[in-house]
Every structure is written in C-alpha cells, then in structure tokens.
Amino acid sequence: MNRIDVNKYIVSKKVDLDTWPLVKSMIKEWGLARQHIDSYNHFIERGIKEVIEEQKSFTIQTPFGEIKYEIEDVKIGEPEVTDFYGNTIKVTPSICRLRGLSYSASIKVTFVRYRNGQREYTHEELEIGKIPVMLKSKKCRLYGKSREELISLGEDPDDPGGYFIINGSERCIVALEDLASNSILTKIEKSGTTNLYTAKILSVRGSLRTQVVVTLKKNDITVTVPFIKVPISFSLLMKALGFENEQEIAKAVSSKPEILDVIGPSLEKWAGILTSDEAITYIGNRAAYGQTKEQRYRKVLIIMDKYLFPHVGIGPGYRRRKGYLLGEMVRRVAELYLGWRKQDDRDHYANKRLRLAGPLLSQILAKALKQFLKDLRYQVERYYAEGGTRISLQALARPSKITNRLNSAMATGTWSQRTTGVTQILDRTNFLSTLSHLRRVQSPLSRTRPQFEARELHASHLGRICPVESPEGQNIGLVKNLALSALVSREYPADLILERIRDLGLIDIEEADDETRENGAKVFLNGDLVGFITNPEEFVNILRELRRRSEETNIPPDLGIVILHDNDPLIQTEIYIESSGARVLRPLIVVKNGKPLLNKEHIRLVREGVLTFSQLVKKGIIELIDAFEEYNTYIAFSSKELTKEHTHLELSPYLFLGVTASIIPFAEHNQSPRNSYEAAMAKQALGIPYINSKYRVDSRGHLLVYPQLPIVQTKAMEILGINDRPVGQNLVIAILSYGSYNMEDAVVINKAAVERGMLRSLYFRTYTAEVRRYAGGLEDRLGIPTPDVKNYAGEQMYRHLDEDGLARIGSKVKKNEVLVGRTSPPRFMEEFRRITYGTLKRRDSSIALEQFNAYVDRIVLTVGKEGELLVYVKTREDRIPELGDKLASRHGQKGVIGLLAPPEDLPYTADGIVPDLIINPHAFPSRMTVGQFLESIAGKFGALGGRFIDGTSFVSFNYDELAEMLGKLGFEPMGTEVMYDGHTGRRLKAHVFIGIVYYQKLHHMVADKIHARARGSVTLLTRQPTEGRSRGGGLRIGDMEKDTFVAYGASAVIKERLLESSDKTTILVCKDCGMEGYYNPRTKKYVCPVHGEDAALVPITVAYAFKLLLDELRSLLIYPRIKVKEVI
Amino acid sequence: MRKISSKLIMKDERQITMLVKGVPVTIMNSVRRAAISLVPTIAIDKVYVFENTSVMNDQMLAHRLGLIPLNTPKNKYKTKEEHDCEGECPECTVYLYLKAEAMDDHVIVKSGDITSDDPDVYPIYSDIEIVRLAPGQKIELTMSARMGRGWEHAKWSPVTVAVVRGEPKVRIFHNKCDLCGECVKVCPKNILKIREDKLIVTDIYKCTTCMLCVDSCPKEAIKVDIDENNSLIYMESVGSLKAEDILVSAFDEIIRKMKEFTKAVKGE
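In the order they appear, the protein sequences are chains A and B.
Residues 1 to 1128 in the working numbering are what the first sequence lists, from first letter to last.
Residues 1 to 268 in the working numbering are what the second sequence lists, from first letter to last.
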C-alpha cells in the first residue's frame, strides 16, 4: 500500500565504507530469532535421535525366553491435535492460539522385537508422545511460507517465530547462559589460609551431564567422579583407566621436572597398587560400599565408561583417551600451582554457552522417555504374565506420559526442582518487546548473592551482548540481551572435523612419541585432547583458510579455531578447535595485508540483492568469530586505522547494541544509565504489537491509534520492523517551566492536541467464558438469566445481552454489567440428589465487566480442548491521555502528565507553533541526556524539510552539522526560538529550546490504577480490610505511617485507623480466670469455659487479629489470660 | 488615551496579518485567545452508526469525522447558549450522511463523500481520508453537526495558528556600522541586506527578535527591540470561517462577554 519508503527521504551522514546493506542482508536472511529456530531444528533433526539412542530398549523375561524391544526408527509428524472426540486435526498456530491448544507434533517410532537375541519382527509405527513445535522451525506449518500465505493462515507476516504455543498461550524459552561444557576451567579456591587448585570439566553428551573436578591438595591430587561420593586419588583412577605404571601416568601429564615434583607425592602414595583390577576394586570399595564384590567392580566400570567424561566417548574403548584428558587436567592444576598459568576467566564469553530450546527439550524428553519405557516395560511384562500372546504395543503404550511431561514443563517453565522460569509468556506489549524477549539471555546465577564480576560488562561482550540493555535492581547484569551482530553457532559433527584435521597432520595421542609430546602443540577438539601437531602455526592457517572457503571444503564457517602460545615458554602451545553449538559469534570483515577483503563492489551487489550475507561468509570475506578466537585477532574499529598487523575490521560501529538500545538516536551523547532506562522503557511503550489481532484473543492488549514513524530514525529501525510497527509519536517539545505543573518530571501537554488524537490508544481486554457439560446430563447454559436463578444480579445488569446470552457488539458496557449471561447447575448436585429440602436452583455464573467502561468489540465462539464451548468477549476501551498517564522520550526521560493545558494558555512562537508537550528544564542538567537535544534539533529540521534524519549512534551528525542544517531553514541554529506567553501575549525573556522529539506512551495508565475505598469487603480470617485494587481493598496504614501519627501524638487517629475502621470486635472475658467466654442464646446465659454458666463475663473491645492470636496460642496449649480490672 | 491605528499587512481567505498600533499586546492577546477558544463554528458532534464493518471502530471513526472542518454559514445556526433546545433542533443542528462500500477493490472514503442536508454546511476539503475499506466492507453513518466553541473541543476551534506579538524594531547605527556583513550572514530570516553601502532591513515583520545579529555585531551597530505597545496579529483559519470573519467574530465574542459583565455590574 502507500507505505512511506523511509530510505527515499532519509538524510544520512556520508560514511567511507557503508556496510549497512550487509547488516540489512544479514538480518533479513537470518531473522532475529535465528538462535532459537536453529537450536530447535537441530533438536528435531538430530537431538531427538540422540536422546532415543541413549535409552532405546527394554528387556523382559517371558515364558518364551528373553524378549527385547528396541526403538529403531524415529519420525516427527506434522503439527496436529487430537480433539475431544478423538479426531486428529491439522492445526496452525492461529488455531492453537484461538482454541487454547498446544501446537505440537507427534513423535513416532518403530519398535523391533528380539527374542533371545534374534530379531523377530518390526512393530507398526507407534506414537510415543507429542512434542511442542517451535513457530517457523522446519516442523512448523509456517516454515518457508510467503507473506501472502502467512497472512492467509492468520499470521502476522513479520512475526519472528522462535516461540511455542502451549495451551493457547505463547511461551518462549529464554536462553540460559551456561558455563561452557567439555572444556577445562581452572580455579584457585581459597579455603581458609590454604589455596585449593582445581580444574573442572562439565562433560555433556546428549542429555548426560556430569562433572569432574581435579583438586590439588598438599600431597595428593584427587578427582571428584560422578556417583562416587568420596574424591578418588588421581593415580588410582589412572591405573583403573588402564595406565600401567607411574611412568606412564606421568607421561600423560607432563615430562617437565617441576610438574613431576608437584604430582610426585601423589604417584608415590599409590605406588603399592599395581594393576588395573586392583585399582578398580579399590575404587569400587568406595563407590558401592556394602554391595557384593562383583557389583562393586561392575559399578566402577559403568562409571568409568559412561559417566566419566561422556563427551569423549561411551564404552570401554575410550578409557585411555579419558585418562589423557585427566592427565591434562592435572597438568593444568600443577601449572596453576606453579604460577605458570593464571586461573581461567569464568566471565569471559569464550567460556560461556547459550542453552537454548534443543538441549533443554532433550533434557526433558530424556526424563519423559525413561518414564515412558519403564511404564511400557511394565505393561508388556504384565501382558505376558497374564498369558497374552499377540501383542499390540499400540494398546499398551501410554504416549500421554511424554506429552504431558513436555507440555507441563513448557507451560510452567519448570525443568527440575531447581531450574524454574525456563519458559516465559512472550512479551507482546509492542513489537520491540517481543523481539527483545526472544533475544534475552539469562544467567542461572543466584540473584540474591552479590557476584559483582558476573554482573559486570566484560570486554568479550562486545558485539555479542548489548552493553546497555539490562534491568535495574536485583537482576542487573544477570539478565542480558544479544547484540544485533550476535549469532549463535550451530553444532557440527566432531568426527567429520576430526577426519579433516587428521588429514592435516594430526598425530594421534597414543601414537605420539616423546619428542612430539614435549614440543608439539596439543590439539583439543571440543574439549577432548585428540592429539598433537608439530607445525601449529601452519596448521591453524591452513585450517582457517579451509574455513574461509567453506563452500568447497565443507568446513563450517561457525568453526572456532584458536591457537594459544602462552607467554611462559614452559607452557606448550595449545590449539582449540570448536565445532560445538551455542557459542556466540560475531561477524567481522577479514583483513589481509592491511586491506579489507570487502570492497564497495561487494556492498553494491548486496544492496542490489545479487549477493547475500551468507555468501560473503562462505567466500571468507566476512568471518564469524567466537569470543575465544578473538584472542588471535587484531581488530580495527574503522578502515582508517588499518595497519598490516590487523587481521579483521569491525563490520559496523552500532551493531554491538541490542534490539532496544539501537532505537535510541544519538545514544552516544547520553549518559550511559539513561540509555539503559530507555532500553527498559521501550518495552513498555504502546504501539502495534501484531497486525493479526483479528485472529488472536489476548487477555490484555494495547494499540496506539495513530502511531508515527520517528522523524529521527536509526538504521536498526528498518530491519527490526519498527518502521512498520512504530511505538510513539513525534511531538513538538518545548523545554520550559510552566506554572508548577511540570515540576519533578511532570509534563504539560496540549489539550487541543489530545483532542486531535495525540497519544490516543485503545485497550483491549478479553473475557473468557467456558460452557461445560457435567456428569449426569447437567450443563452450563448461555442466555439471559431469569430472576429465579441464584445470585441474580438484577435486570439492569443483563441489559446488553441478546437472547443467546451474549452482549451485542458495539454496546457500551459499564462496570459489573454482564457480557456473557450464563447459568450453571447447582453446586454439589450429585451429593444432594436424594435430599430434597428446599429447591436447588441453578446459579448465575455470568461474566461481568471489571473495567469502568468499555465497548464490546468482538465475540469469538470456539470449542476448547475438552469439547467445551469457549466464548471470548473482546472489549475495547478508549484511552485518551489524561492526568497521570506516563510518557517517555527515547532518552530515559520519563514523566507523567501534570496538566492538560488549553491551547490558548500555552506559549507560542512567532510562527504560531504551540508545543504539544512542555518538559521542565530541570530534567536535563543532572541526567545529561544530550541526545534528546540533538534529536530535538534533528527532528525540527526533519519536520521543516520534509525529511527523515538518520540519528544512528556513532555514525550520525554532530551538533555543529545539525545547527547549520537548521540555520539554513530560517531558524535559530541552536534550536531555540523566541516565544510569547499565551496568557499575556508578551515575549518571554529567554529563548526557548523547541523542537520535535519522538515520545512514547507507556502502558502505566491512571485508568488501570485509580482506586479509593470508603467501606468495603474484609478478609475472612482476620476481619481486616482486603488488599488490592481488584478486590476493592483498603489503603494500608503501615508501621511507617503509624509512626508519623505516633510522633505527632495523634492517638485518636491511630485508634480510628487501626481499630475502628479495621477489625474492631467485642469479646467476653471471664473476670476470674481471664479466659474468653461466650453468650449462649439458647439458655440466654453467659458461659465461661472454666467457671461455667455463673461466671462473671465482661465485654472488652479488641482487634480481631488479637483474638485470633489468643485462639492460636490456645491451639498450641498455651493458656493466655486477660486480666480485667475496673478503671473507675 | 493613545490613538489607535491599524494597518492591514496581508489578507486572503485563510490568513490575515495586521499591525495594530496603540493597542498593547496584553489587550490584543485576548482577541487571539477568543479566536482560539470562543469563536463558534460548526462541527460534527454526534455520529449514528448504522453499519460499520471496516477495521476502524465506531469511536475512532466518529473522532475522525468530528475533526473534519465544515463550512460555517454566517448567523445561520445558534450555539447552545443562544437558544434553548432539547439537544437537536433545526436551529442548531445539521444532519450529514456518509455511505460507502468497497465492492471489488479497496476504497478510501474521503471527506468529499459526505453529503449534507444544508448546502451551506459541507466539508471544506474534499480529500481528507477518513477510512480505508477493504472489499466487502461497508459503512453507513448519519452525523449531526452543531455549533460549538474551541474551549469545548479543539474541533470547533477555527484557527490553526493565532499569534499576537509586539512590533519588532531594528535600529541600525550607520555611524558605527562598518558593513562587515556578519549580521547579514547570521540572520536566519535573511531580512538584513547591504544595499548601496548601507545596511537595511527588508521585511521587518519577519523579524523574530532572535538577537543573533546583535550578538554577531562587533561594533554594536545594531539594536533589536520589541515594542509591546503595538500589536502584530497574525491568524490562519482551518477553513471553516474566513480569516477576517474570525477576527471580527473574536471581537464580537469579547463584546458579548463585556455586555454580560456590564449587566452583572448593573445588577440586571
């Protein structure tokens, strides 16, 4: 349609090498939720199979012999839902959102049956459960669809995908920032006065996660092995792993005399144990204490082969490889002890991985599968025990085990008892907040402990994590967001890489001679020590060249290649090759001989759409570098500073910002925290969250009526889609004090502008009613309730309803008026069936409006999961800016409306321009948001010249340039103007800074918060007033408030607030014993529980909470007494 | 009492600029204020929706319709205060109609599509976009327009721009001026010129008294002041009334108020 092409009218500053088209191509090609979709696709293609490979069979003993069932083939179906009537229906995301269903596909497997080891036959395909489908993943119905197709499916064509739909609500997995698995991390731990030197590996393979810690103590080196409670001595474990003698163990560590001195005592200590068997038995005595000898021995073998370093391999064949890795860990600990090596930086992004949908779903699926197989095995066993012959797994399997487990984990975000909050409801406040939510990264560290280092910005965050966007308060620095340039690596099979590096001259670890061991470079592939290389520099260069020609060589561009020469000559060169997923990469331009490989021709081709970003990556012109490999790079910020030593050139200076931070114009002129505040506030701004609202029934949603493109643009806005779904309006802002109505961050806004539609928004709220059928032919009924119904609210309340019980569309509804007329059968019907006292009336269970005023916007009828009728009534409320609504510019300058001033009272310029909003000048000196001034001038220029201005941080105009531009249009260059007082017409003495600033309306509105109470409901237990607006609660006089009354001596106020208007009660107390008595109305006598009917009871006035306390004390067998005395 | 002399600087249908000498801005400002908030015009006030299947909801549609400037015939319709009626009567209300349907293609409903009972009350601009209808969508509305004033709602305000300010005065001391031209360069409105070895002001009414020339002059040869005893008035109409009528009407409104006040003083 007639969408304005911003690019046509934008005024940008000329830059030397404008890489903008590349960035645009990158995001257009890969989308903004790529990391989620990639991870999920990997899970669908390989992850599921790996999980099933881990536990795919069960064996049972039957009269016919040993029978084994094994899963042979795994398939994932299409997104489907089995409805209440047992029909399988193909679903689209839109259907799931409307009907409250889960968007999931079935996992289908084929079981093969073996008898006594002989393959018998293959069972038919069996559904073992349903797995949630990520939107826009390969399994999703939206995958690869064009815009028109997406629209016809009821989707927003620009929706990023990357989230799930569980029971009708959109939930996204927040990436967990984990410590890198499979790599050695050394640490010096201080315990008291002595230092403990440790090396740790978190070994992960599929859903197996185990940890091995090597600790250097005074005269021993111990290893903490999974499932063995006591630490095992290093040399003992090495012997168990098949290293024959001390010399061989030492060789696996190092041949350096200093290191041998460190490990010597430990080796000597266990020299008495000679063979592998002896060592295994010794360990077995500690691992499986109290079991039979055979069991002990077997357990150690299982631990060694499966749970010790599973990433190296599973099975007895890997024992020696594991030993070498263990040796490497010991060497590092020794080097750490000797001071040759520093401890690893845990906050460095090289040591971080993002745990995304794939591994997280694997984890849950593995647990669920275990349960499922256990159950199936039990069912099959029972079937045979009962004498069954022809077995049907279909009838015995219970796929709901897996379905429910996955569904409930996704719905609640509870992965295990400790890890909660993994999934969150997708933020749909505006489009920006959705994008930001999908790019969020959460650190699993506890938020209560200080952990300052973990919260700080680290140099390795550059280009990966946004330095600006993080919440304030307890989560600061722990919740982060990906930068625009950040990419997450995809996993690539390690064995294929191993093959390639063998070809390049890798010497296998077992075959290496002493010379190579001593002087060659160690090669680690995904944390596993695979061998040595004699020509490290050359090897790395060749490998990198191969990676740069990934199209021909098939070596993925995500591969990380690092060579580390330590400053200390005693430390061997190490080469790390990483093909693992979940590393955060960033694109850089490759530089050779001081010249970037990227030239203007490339950029032109990309702009014209001939070349794509990924092609540039495949050609090796742009390289994806992980935080570890950055150790080997020398990156220039701009092409001007390039020298021969440089290896890379930064792609763009503004890409290190995240989604929300990159909408701030002139951000580099602001004080840094202000940008953080804005990054948080942009997520609360009203705008257009989605354009398929017709096909959605969100319980709450806002919509800005006249959203505008910001005159002052940033480059990121276009690719983020903010220009299609803006979040504010361009207002004329004067910086001026106005009466006292804009003190303390209040703002004065122009009443006429509001009446013309400025910052007007709509608030949608959907009310849901279910119409169910119950046992015994009872059912809910829609209709206008009749007066004989219990809880009948009165005729007036049902006035909007039609005969069908639904409010007319377009009717204006007031608070407590009914939207859906519904009656339900009496409660406890079944129990009372035989008792016929009184009449059991149907009760009114109508849904009424909770807001003050709303219009009925739309009614949707559909059928839910359990076959119930779902009625959605979407109501609409006009939200015209009013006193107290919250507004904010894009520079962390928030404020509430303090006055709606009539236009004739507002100051005006010689041209007759009246400001839309007046902000107080005191908002600026201490906050130093100079960016807002620049935006104001740029916005003024843009509005006057009919242009958009590019205000992208770091590459935009400076003040002098903006001033000159404005001056040419006949305005004072510094953005000020002479203004006249609207009340008197006299000139204001000072020149007023006036310009155009993009303002956001935030979703904190008075209409949602206004609340007062005179009398009202009380809580049942304490008889004190209820709490909270929704329950019509009171405003609490807390202890601080009470203290002010005490200080003032206003005792009557205290008594009135805390007793009279709260929980005043009269109780009867026995004069003699002090116990609480009561009045017996039947005998008309006052009774004391101790002294009986003749006791002397006196009424006293207390707070009900106090009476409650007495009751509770009595229940604890404490005997509180109230002594009563006559005081004249 | 100072003599009042008025000079019409510029006038057309929509705009008027006058210099009123002898009337201080503080007095003249009340005319400006009256023009914004007191001069009555006609605008759509109520919308009866018979059908609206467009994506725009009824309230938004009504709001947009209300803001469309309508031609206000002189002395034809009465304001609320001028007569007593139960809401709508032929003396104060005009009915307008809008009916549109998109058949095969998208249709943009414009203000020109509005029909009126009174040929004198019509949308001044016919190309104001009201709503876009997709194929199959339809609107059918009846609107009632009535007289109102700007203080009630901005839609009744007849002016877009209303300015009253003092008369700018630029004094050049030719004896001090060395014709360096700094002030000419710096003046944003370009009203300073050097002609025949003399610095002159070309269009004094454009001067905003921004003082940039004063600040730039090294010889202090230029002085800018504003004379707030003389008023410069500039008004621009939204179109519902002629600019000159707005001004006259504003005076009338002030006089009406004065009369009411006089009555009150006399105790009538």
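Hints are not guaranteed to be accurate.
List time: in silico DSS-like cross-link candidates among lysine-lysine, alpha-carbon distance up to 27 Å [what the hints assert, rightly or not]:
(1) K223/B x K815/A
(2) K263/B x K21/B
(3) K812/A x K223/B
(4) K46/B x K814/A
(5) K193/B x K242/B
(6) K219/B x K968/A
(7) K13/A x K28/A
(8) K968/A x K169/B
(9) K989/A x K21/B
(10) K223/B x K7/B
(11) K989/A x K189/B
(12) K342/A x K75/A
(13) K110/B x K694/A
(14) K989/A x K198/B
(15) K138/B x K110/B
(16) K21/B x K812/A
(17) K90/A x K13/A
(18) K989/A x K99/B
(19) K989/A x K219/B
(20) K28/A x K49/A
(21) K75/A x K14/A
(22) K968/A x K223/B
(23) K138/B x K968/A
(24) K145/A x K24/A
(25) K968/A x K193/B
(26) K21/B x K80/B
(27) K989/A x K169/B
(28) K968/A x K206/B
(29) K46/B x K968/A
(30) K266/B x K968/A
(31) K200/A x K342/A
(32) K1042/A x K1055/A
(33) K13/A x K138/B
(34) K259/B x K78/B
(35) K138/B x K812/A
(36) K694/A x K99/B
(37) K694/A x K138/B
Because the hints were derived from the structure by calculation, they are not lab data.
| query | Can you list which hints this structure breaks, lowest number first? | reply | As far as the earlier hints go, 1, 2, 3, 5, 12, 14, 16, 17, 18, 20, 21, 23, 26, 29, 30 and 33 are violated by this structure, in ascending order.
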